[in-house]
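Student: Single-letter residue listing:
2 protein chains.
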Amino acid sequence: MEFTCKAFSDRTYKILFEWGGLRRLRAILESEKLNGPYFIITDKNVYKSQHRNLDDALQGADFCYHIVPPGENSKSFKEWRRIQNFLLERGADRRAVVIAFGGGVIGDLAGFSASTYMRGLNLVQIPTTLLSQSDSSIGAKVAINHPEAKNMIGSFYQPRLVISDPSLLQTLPAREFSAGLGEAIKYGVIADPEILEMLRYNIEHVRSFNQEYVTWLISRCIPIKIRVVEEDERETGLRKILNFGHTIGHALEQATGYQLLRHGEAVAWGMLAAGWLAIRRNMWNADEFEKLKLIIVRSGALYPLGALKSRDVIDALKHDKKKTGKSLNFVLPEATGKVTIVRDVPQDEVRAAVGYILKFRH
Amino acid sequence: MEFTCKAFSDRTYKILFEWGGLRRLRAILESEKLNGPYFIITDKNVYKSQHRNLDDALQGADFCYHIVPPGENSKSFKEWRRIQNFLLERGADRRAVVIAFGGGVIGDLAGFSASTYMRGLNLVQIPTTLLSQSDSSIGAKVAINHPEAKNMIGSFYQPRLVISDPSLLQTLPAREFSAGLGEAIKYGVIADPEILEMLRYNIEHVRSFNQEYVTWLISRCIPIKIRVVEEDERETGLRKILNFGHTIGHALEQATGYQLLRHGEAVAWGMLAAGWLAIRRNMWNADEFEKLKLIIVRSGALYPLGALKSRDVIDALKHDKKKTGKSLNFVLPEATGKVTIVRDVPQDEVRAAVGYILKFRH
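Protein chains in written order, with this note's numbering: chain Y, 16 to 377; chain G, 16 to 377.
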């Protein structure tokens, strides 16, 4: 399947979604005049489980690896600077192609590195997780974290190409896969009730990696993401709907030092909180929320929050990028498949929503 | 005078060039819906000599200063991170307006900071030097330096507005002013022989800050810069002509640790080297080169190179961003007002050109 994402006039890029696509990598790159050298940024886990496939695909080409530790903590100033040094030492010039080979963390880190080296190198995303294939590899957002706030340092930077090969997901650890379901469920709530219908009846098939269901699911998320970011690349309006579940989700990640939760898990918790807020405000149907809850629970994405304190979550919300002035904005469902932005949610309501998820038992 | 620079569709910005324009700052900002808060990045020298004017212009508005040491060494990872912390501590959100108040260094540093904070804050350039008013504040290039290579870390990031008030140049130290003439002379060579004609007969008036000549000179450079960057914002073709004098210029800056020379001074030396190469290659008229030499000498921009060694300059050339593969590209004049890109200039010719300027006496 081939999609196109129209960014600013000269920055349109293709998204190739193809079972086994990685094997055709060299031909695909060359057809886009991306002849290398290739600088592959990946993490230790992905390198271990997947590098042979990539080595084979790039056989004979000029390529090298830079391997970072797995996990959100690699989206740091330190790892970013190491990549700059790596590129400089290896003599990367404007012909260089940076390949982000991994999940959302690698896409963000390698993307921000490519965007800031020599004012921008060619970037190719090869997402290797469910979350990055269905969501984060598309849309040009790249970033690293400030010690005090996630994704605070970043830019909008279009890749030249995204190559999504779902066969890579076969070796994904179960927890990682479930976390990715968090963002996929989000696409159901914000834009496509059929995604939720499918998951309601088949989530076990998806979780046991039935090729047909997994492929259907990703191929359904990609065009939603494309449509939203095409209409609003810089997040001045529509794109904000993608933040459903992210206001409290980001705060959970930050309050737990980016160590406890995967991003998709935090979003899963954040969707519960947002759904609860919508019900409390009589904006949405309670039965629909019950259905959503069941899907989220069965996705396996609700990783236990441990001894997390409400106050720490509330504190973390203070640095939210999406706030304007002093009020917090929330994306809340008004129907299944349709969300709206609610401004100025009072502190005590936010606190109650956080209380709801901290007490949530399933 | 009002100019418009058309960047990608949604990123067009105005350049206001106006004697005394700073006094109207608040009204100008508000007419562009840039209502603040304002985060002003400046250096110690500019702060000392100019902050009262800016304080007056912003009276009653919400603004604060972040002051960095003067000089190229402030374009560092460290100062960039300090600005990120400053913005975060002060609670900058997406309404924030970063004002770059200073010369090229401040424009680059504040611009890169604005471009990378929350994936991009509003940026206003208020250039306070001849170089930044006639050249660097326009064109969206922002960057910091890697310890081993100038401007290696950066991006293309359009300001929302540029406000150039030549009255600010009255307090500029003579050396800074002469350095700025380096880039102005460049515009003569690459695009506008009348600039060189004017300077040939009136450079003393310009250097003694005759309001009429200075205003004419800047107003002549701005539209050239706009025209070039509009046609080729990302420097894939035409924009490269702006690098006349910059190949060896950058190497001189790097070989002297960014301490000895102002950027415009390095460019002045670099233009001598490039002119010499053009003559040696029979590309350009020797009389024209003599005229150019005289203007450069009389501009005061040829700050002595001291004990600089040829080998250090050659080493520094290895990290040039403009190289593709192993060859060095030079921008060389083929007529006064017209330059072309010459690829693959052999090492020994480059060495000879460096030797020429190291031995140059005036």
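Treat the hints with care, as some may be off.
Identical chains share a label here; the pair holds if one copy fits it or two copies do between them.
[Unchecked claim] Keeping only pairs whose Cα atoms sit at most 25 Å apart, straight-line, the calculated SDA-like set for lysine to any residue is:
1. Lys63 <-> Arg235
2. Lys93 <-> Leu103
3. Lys306 <-> Asn166
4. Lys255 <-> Asn300
5. Lys21 <-> Glu245
6. Lys333 <-> Asn100
7. Lys29 <-> Val360
8. Lys29 <-> Arg249
9. Lys21 <-> Thr251
10. Lys306 <-> Ala331
11. Lys29 <-> Asn344
12. Lys93 <-> Gln362
13. Lys306 <-> Arg235
14. Lys93 <-> Met16
15. Lys21 <-> Glu219
Hints were generated in silico from the structure; no laboratory data involved.
Student: If a hint holds in the structure, say so; if it does not, say that too.
Tutor: Hint-by-hint comparison with the structure:
For the identical chains of this complex, Lys63 and Arg235 are neighbours neither inside a copy (30 Å) nor across copies (59 Å), given an alpha-carbon limit of 25 Å. Taking the shortest alpha-carbon separations for Lys93 and Leu103, both the intra-copy value of 15 Å and the inter-copy value of 19 Å come in at or below 25 Å. In this homomeric assembly, Lys306 and Asn166 never come within 25 Å of each other (Cα to Cα): the closest approach is 31 Å inside a single copy and 53 Å across copies. For a Cα distance limit of 25 Å, the shortest separation of Lys255 from Asn300 inside one copy, 22 Å, qualifies, whereas the shortest one across copies, 59 Å, does not.
For the identical chains of this complex, Lys21 and Glu245 are neighbours both inside a copy (6 Å) and across copies (21 Å), given an alpha-carbon limit of 25 Å. Taking the shortest Cα distances, Lys333 and Asn100 sit within 25 Å of each other only across copies (15 Å), while inside one copy they are farther apart (34 Å). For the homomeric pair Lys29 and Val360, neither the shortest alpha-carbon distance inside one copy (39 Å) nor that between copies (37 Å) is at most 25 Å. Taking the shortest Cα distances, Lys29 and Arg249 sit within 25 Å of each other both inside one copy (19 Å) and across copies (20 Å).
Taking the shortest alpha-carbon separations for Lys21 and Thr251, both the intra-copy value of 17 Å and the inter-copy value of 20 Å come in at or below 25 Å. Taking the shortest alpha-carbon separations for Lys306 and Ala331, neither the intra-copy value of 29 Å nor the inter-copy value of 64 Å comes in at or below 25 Å. In this homomeric assembly, Lys29 and Asn344 never come within 25 Å of each other (Cα to Cα): the closest approach is 32 Å inside a single copy and 32 Å across copies. With identical chains, the CA atoms of Lys93 and Gln362 are never at most 25 Å apart, being 35 Å at best within one copy and 36 Å at best between copies.
When the C-alpha separation of Lys306 and Arg235 is checked against a cutoff of 25 Å, the pair qualifies only within one copy, where the shortest distance is 20 Å, while the shortest distance between copies is 67 Å. Taking the closest pair of Cα atoms, Lys93 and Met16 never come within 25 Å of each other, the shortest separation being 37 Å inside a single copy and 45 Å across copies. Taking identical chains as interchangeable, the C-alpha atoms of Lys21 and Glu219 are never at most 25 Å apart, the minima being 35 Å within one chain and 53 Å between chains.
The structure shown violates the earlier hints numbered 1, 3, 7, 10, 11, 12, 14 and 15.
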